[in-house]
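Residue numbers (our numbering), protein chains in the order written: chain A, 2 to 171; chain B, 2 to 171.
Rather than coming from a laboratory, the hints here were simulated on the basis of the structure. Among the clues, some could well be false.
Heads up, the list lumps identical chains together, so a pair's fine if it works in one copy or across two of them.
Straight line, CA to CA, 27 Å or less: simulated DSSO-like cross-link-like pairs of lysine-lysine [what the hints assert, rightly or not]: (1) 161 / 71; (2) 89 / 141; (3) 171 / 127; (4) 161 / 124; (5) 71 / 124; (6) 106 / 155; (7) 155 / 124; (8) 106 / 161; (9) 155 / 127; (10) 155 / 71; (11) 171 / 161; (12) 124 / 106; (13) 124 / 89; (14) 171 / 89; (15) 141 / 106; (16) 171 / 124.
Number of protein chains: 2
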Amino acid sequence: MREPSKTNPIRETNDEARAQARELIENAQWASLAVLEPETGYPQVSRIAVGMEEDGSLFFLASELSGHSKALLEDGRASILCGEPPDKGDPLAFPRATVMGIVSKLSRDDEGHGARREFWLNKHPKAALYIDFGDFAFYKMSVERVLLNGGFGKAFELTKADIAGPVQAK
Amino acid sequence: MREPSKTNPIRETNDEARAQARELIENAQWASLAVLEPETGYPQVSRIAVGMEEDGSLFFLASELSGHSKALLEDGRASILCGEPPDKGDPLAFPRATVMGIVSKLSRDDEGHGARREFWLNKHPKAALYIDFGDFAFYKMSVERVLLNGGFGKAFELTKADIAGPVQAK
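Bound conformation, chain A alone (with noise of 0.2 Å):
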């Protein structure tokens, strides 16, 4: 059994872990979202709505004017952070999972368009205004790992076989 250490925190990965970060990546209504500005090299965060596939796969609607989606263009590399603190307490004090991995853009040709589009509209009725926009698109993200901070002093690093299953759009 691993203990986590000052030169290592991460402790070593259990049923728990994989259910809490399950439950903030499948339950995320929104995320925040980091790329590389393709101009200065810098981080850049964003917000964007998110969905989750059942490989474990997270996938999101963008506009192709908006900056991340140009950026993921140039670079996929990017992160998301999942977990929505609640009005009051410490906001640290509260689970959050970053996702690694490498997104890429989705056609509307794909075979997996219909459902990631009906799923979309289940959980984001309001994207029903944009949706079928020719500038819009589902970008995805291949997972992988996943970063758990569960509360102060519990860290986990998960894969995206850790988080796969069902996922319903709720």
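Assemble the complex: chain A is given as a structure, and chain B must be docked to it using the hints.
Just chain B now, kept in the frame of chain A:
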């Protein structure tokens, strides 16, 4: 008067945009911080609690054991997303601001430490539990630009001066 266009969606700065950005940033209890992960170059996003100074700088308290602190010592380029969406409604319809700049670690011997500490405890009283731990320090962002998204089609790029002014710990 500059109008937004497909090639340049940024609107001309006005007082309404300045006030909106300032309110989002000053009132933020928490925010999302993006840094460059040293080992991989990936943009990595995590949650922080945040405060603002009168000159428009942002600052936050962090442990030197955290991933973002270690990353910032290697490369100070960062961005901070402020603006907490409400529970209901399309999260992309609510305003948010991405603050871009360079973050550096402050010493406890810094002349502003006492005032910063007092402000922090007024704004984030739960931080009394750890603010004086040896591995915690303040980190300050020297602000270069503020990207305001005031809702669909309302994009502005502001300066540090645009958001500067007296600050209350609320």
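*For the identical chains here, do residue 106 and residue 161 meet the 27 Å Cα criterion within one copy, between copies, both, or neither?*
Cα proximity of residue 106 and residue 161: one copy only (19 Å, versus 34 Å across).
*asked:* Reference check for the pair residue 89 and residue 141, CA-CA at most 27 Å: within, between, both, or neither?
replied: This pair counts as between: shortest inter-copy Cα distance 25 Å, intra-copy 33 Å.
_Within, between, both or neither, where residue 71 and residue 124 count as close if Cα-Cα is 27 Å or less_ = Within. Shortest intra-copy distance 25 Å satisfies the 27 Å Cα cut-off; inter-copy 36 Å does not.
*Measure nothing new, just compare the shortest in-copy and cross-copy C-alpha distances for residue 141 and residue 106 to 27 Å and report within, between, both or neither.*
Within one copy, since 6 Å is at most 27 Å while 35 Å is not.
*residue 161 and residue 71: within-copy, between-copy, both or neither at 27 Å Cα*: both (26 Å within a copy, 25 Å between copies)
*First find the shortest C-alpha distance between residue 161 and residue 124 inside one copy, then the shortest across copies, and answer within, between, both or neither for a cut-off of 27 Å.*
Classified as within: same-chain Cα gap 22 Å, cross-chain 37 Å, threshold 27 Å.
_residue 155 and residue 127: within-copy, between-copy, both or neither at 27 Å Cα_ = Cα proximity of residue 155 and residue 127: across copies only (18 Å, versus 36 Å in one copy).
*For residue 155 vs residue 124, is the C-alpha pair at or below 27 Å within one copy, between two copies, both, or neither?*
between (30 Å within a copy, 24 Å between copies)
*Give the relationship of residue 124 and residue 89 under a CA distance limit of 27 Å: within one copy only, between copies only, both, or neither.*
both (25 Å within a copy, 12 Å between copies)
*How would you classify residue 171 and residue 127 at a CA-CA limit of 27 Å: within, between, both, or neither?*
within (14 Å within a copy, 32 Å between copies)
*Is the C-alpha distance from residue 171 to residue 89 at most 27 Å within one copy, between copies, in both cases, or in neither?*
The answer is both: 23 Å in one copy and 13 Å across copies each meet 27 Å.
*First find the shortest C-alpha distance between residue 106 and residue 155 inside one copy, then the shortest across copies, and answer within, between, both or neither for a cut-off of 27 Å.*
Between copies, since 24 Å is at most 27 Å while 34 Å is not.
Consistency with the previously given hints is maintained throughout, with no hint failing.
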